[in-house]
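*Asks:* The lines below spell out each chain.
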Amino acid sequence: MSDKTILLVEDNPDDEALTLRALKKNNILNPVTIARDGVEALDYLFCQGAYAGRDANLQPAVILLDLKLPKVDGLEVLKRLRADARTRLLPVVILTSSKEEQDLASGYSLGANSYIRKPVDFTQFMEAIRQVGLYWLMMNEPPPKK
Amino acid sequence: MHRGFNDQLSKWTARLPFSSLRARLLLLLFLALLPAYGFILYSVFEARQQAAEHARENALWLTRLMASEQKSLIEVIRQQLQSLAQLSIVHRPEQAALCSRTFASLRAQNSFYANLGVINSDGTLRCSALPFAGRVNLSDRDFFRETLRTRAFAVGGYQIDRVTGKGSANLAYPVLDAANTPQAAVFIALDLGALADRLIETTSLPEGSTLTILDNHGTILARQPDPEQWVGQSLPDAPLIQTIRSNGDEGNAEETGIDGVERLYVFKLFYSTAAKQIYISAGIPTAAVFADAKRLLARALLLISLVTAAAAAVIWVGSNALLLQPAATLMRAARRLGQGDLSARTVLAHTSDELGQIAHSFDGMASALQARESEAARAKEEIRQLNADLEHKVTERTAELAAANQELEAFSYSVSHDLRAPLRAIDGFSQAVIEDYADKLGDQGKNHLNRVRAATQHMGHLIDDLIKLARVARAEMKREAVDLSALAGNVLADLQASEPARKVEWRVEPGLVATGDANLLRVVLDNLLGNAWKFTGKLARARIEFGVLQQTSPGMDEVDRVGNRRSETSGPTYFVRDNGVGFDMTYAGKLFSAFQRLHNVSEFPGTGIGLATVRRIIHRHGGRVWAEGAAGKGATFYFSL
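Sequences listed follow chains G and W, in order. Counting from 1, one number per residue, gives the positions in the first sequence under our numbering. Counting from 1, one number per residue, gives the positions in the second sequence under our numbering.
For reference, chain G alone in the conformation it holds in the complex (with noise of 0.2 Å):
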């Protein structure tokens, strides 16, 4: 299990704190990758640019994506996995601070996996990545490797 890496895509280093602390807290130790925007994301899942040398058969189990990122947004890190053979069935759950439904329907019919909003309350964050770590690194069973 331990193996199973998560993605965290994401600019805000208080939130990238804070959700560290929360899998921490939850007890979800498995390793986690920080990508501060869209680029890096991009870079990191198709192994190209400060990423080259990476072996491509590692993908996360699962990426936490926030939609507000610099460069590349989150919608369209998004729309390029899923356009790519190599990630299009990664799961992808959304977390992020919009709660615009405009946000909420393009990111589904882009093809998330989950659309969680980050609360302000701390304990329900705490909450909602307990979940997200229980369902998706636990319960899940990942899609065959090729």
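Hints in this document: simulated from the structure, not taken from any laboratory. Just so you know, these numbers come straight off a predicted model, no measurement behind them. Check the hints yourself; a few may be wrong.
[Unchecked claim] Among chain G residues calculated to face chain W with C-beta under 10 Å, some are:
1) ASN12
2) ASP14
3) ASP15
4) ALA17
5) LEU18
6) ARG21
7) ALA22
8) LYS25
9) THR96
10) SER97
11) SER98
12) LYS118
13) PRO119
14) VAL120
15) ASP121
16) PHE122
Just so it is clear, CB atoms sit at the ideal spot from N, CA and C, and this is done for glycine as well.
Got chain G; can you put chain W on it based on the hints?
*Replies:* Coordinates of chain W only, in the frame set by chain G:
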């Protein structure tokens, strides 16, 4: 009636070729002159009547005169015969030759004595002014027998003489001997033709007149002129004879004479016996009688025809200058105006007569039309300009509005996303400090940090509600039938689920369906029922009710509260009622403004945006929302859509 006549006249003139003004004027002229024609004809008729009357009287007087002359003549002859009867040459037969000679000389002196002589008592002619041969017996003659029988003067034999073939009358007187016995008769035969000749000479009958002596059998005894042709003829069927027979002694008639000439005949009886009546008749040619009247008529007709022709000529020429040309000018102008040339004018002098006034009115009308037309064109141009400006402005404003909307969208997005991130950090790290440094903080420190967390969470709610309010304002409205009862039931069920421990007695009136946006109405009920739930939170027996006002059911509304509730709302009024803490009506006006709260946050949490959101949604539906309540006695929120 007058109108009817006019209509008739115009219909009539329209049918006949009298449609032009000139023709109508001429028609009027003839109509005006008709009485004159009538008067002339009447005058002529009158004159003719008078002429006829005059001629009749004249002729009658003449015939009377002639008749009386005839009678006087007979009297004269009687006296002459009486004298002759005393003569010895009459008494003595042996002096017959002398008698004949004497009588012949007597006859020569009197042109109308056809003969005179003596007849023996046996009827043989003894002596005669006209020579005779052998024995002539006159014993069968009426005058002879009469005079012998009566021994007195006798008249007879108005007849055609056997000897002369002429119309004659015989007058006889007895020749008496000493014993007073008639032994012979002396007689004079009158030549009626000569008599008539003399009569006609002494009177002044017009040319072509006739004088006829005839008996009641139609035998013509004498006639002037042309005695040879007519005397001795018997014409019992001639019209004049018929008239005489049916009229008696005296009369007149307009007849066609035996010679085919139309005459006015006057007749008078002057000798009558049981067997026959002798008439004298004068005939004056009708042509002569009426010649004057005819001449008068011809002259008058000529005169009035000349007058008519002259007047017609004047009208013909005058109407052209006075009527037809101005009318044609008016017509041309009207036609030009009709074809849309508004600059058309009559250019006639605006005199005070009818044509001038028509021209004046027409020009005025054309000017007014032209002015109005140009005014309309200007107004149209103005409207077009205004429309163009408006279009331009609308485009501009729409673009501005779209830009503003986009900005607002970006702003809300930014608010919902960016404002929450720091709050989350404050809350999260405060929690982290509480967890990680609990031992160093002490109770006071933990309390403070918990207050920081509560404040951030409240701000998080504020942001959410503000976003909701903004979204309500710009969300697209979809109008459909919404089951408010079902919606309210769902909201209350959700509230109950969120606080399962609470015991709330709630009632929803079934079957309330309204037209509106389902999502927005859900927000309304969320807020109103949520408030009711919240403000009854401290009660052991909370009661929440959703329904519709009975007064606003259509029938009741008409009867009870006409003009009151109606003027405020047009549809039904719904309400949400609770028995919670209520509010002071003094502050009712503040209820629906954003961020206005009537209760402490510590007592009842909330952002003060919910009712503002409700009001905005209700307003967007064109409805009204208001509240009634009292502190500690619950609140009722009403709304219409």
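*Asks:* For each hint, tell me whether it holds in the structure or not.
*Replies:* A quick look at each hint next to the structure:
Nearest Cβ of chain W to the Cβ of ASN12(G): about 5 Å, under the 10 Å cut. The hint holds. Of the supplied interface hints, the one on ASP14(G) holds, with its beta-carbon coming within about 4 Å of a beta-carbon of chain W, less than 10 Å. The beta carbon of ASP15(G) comes within 6 Å of a beta carbon in chain W, closer than 10 Å, and the hint placing it at the interface holds. Evaluation of the ALA17(G) hint against chain W yields a held restraint, the C-beta minimum of about 8 Å falling below 10 Å.
Against a cut-off of 10 Å between C-beta atoms, the interface hint on LEU18(G) holds, since the closest Cβ of chain W lies about 4 Å away. Hint on ARG21(G) holds. Least Cβ distance to chain W is approximately 6 Å, under the 10 Å limit. The interface hint given for ALA22(G) is met, as the beta carbon of that residue sits about 8 Å from the closest beta carbon of chain W, less than 10 Å. Interface hint status for LYS25(G): upheld, as the beta-carbon distance to the closest one in chain W is roughly 8 Å, under 10 Å.
Look at THR96(G): its Cβ gets to within about 7 Å of chain W, closer than 10 Å, so that hint holds up. Satisfaction of the interface hint for SER97(G) is found here, the shortest Cβ-Cβ separation to chain W being roughly 4 Å, below the 10 Å cut-off. Interface restraint check: SER98(G) against chain W, minimum CB-CB distance 5 Å, threshold 10 Å, status holds. Taking 10 Å as the C-beta cut-off, the interface hint given for LYS118(G) holds, the closest approach to chain W being about 6 Å.
The interface hint given for PRO119(G) is met, as the beta carbon of that residue sits about 8 Å from the closest beta carbon of chain W, less than 10 Å. A cut of 10 Å between beta carbons decides the hint on VAL120(G): the least distance to chain W is about 3 Å, and the hint holds. The beta carbon of ASP121(G) comes within 5 Å of a beta carbon in chain W, closer than 10 Å, and the hint placing it at the interface holds. With 10 Å as the threshold, the beta carbon of PHE122(G) comes within range of chain W, its nearest partner Cβ sitting at about 4 Å, so the hint holds.
Comparing the model with each numbered hint stated earlier shows that all of them hold.
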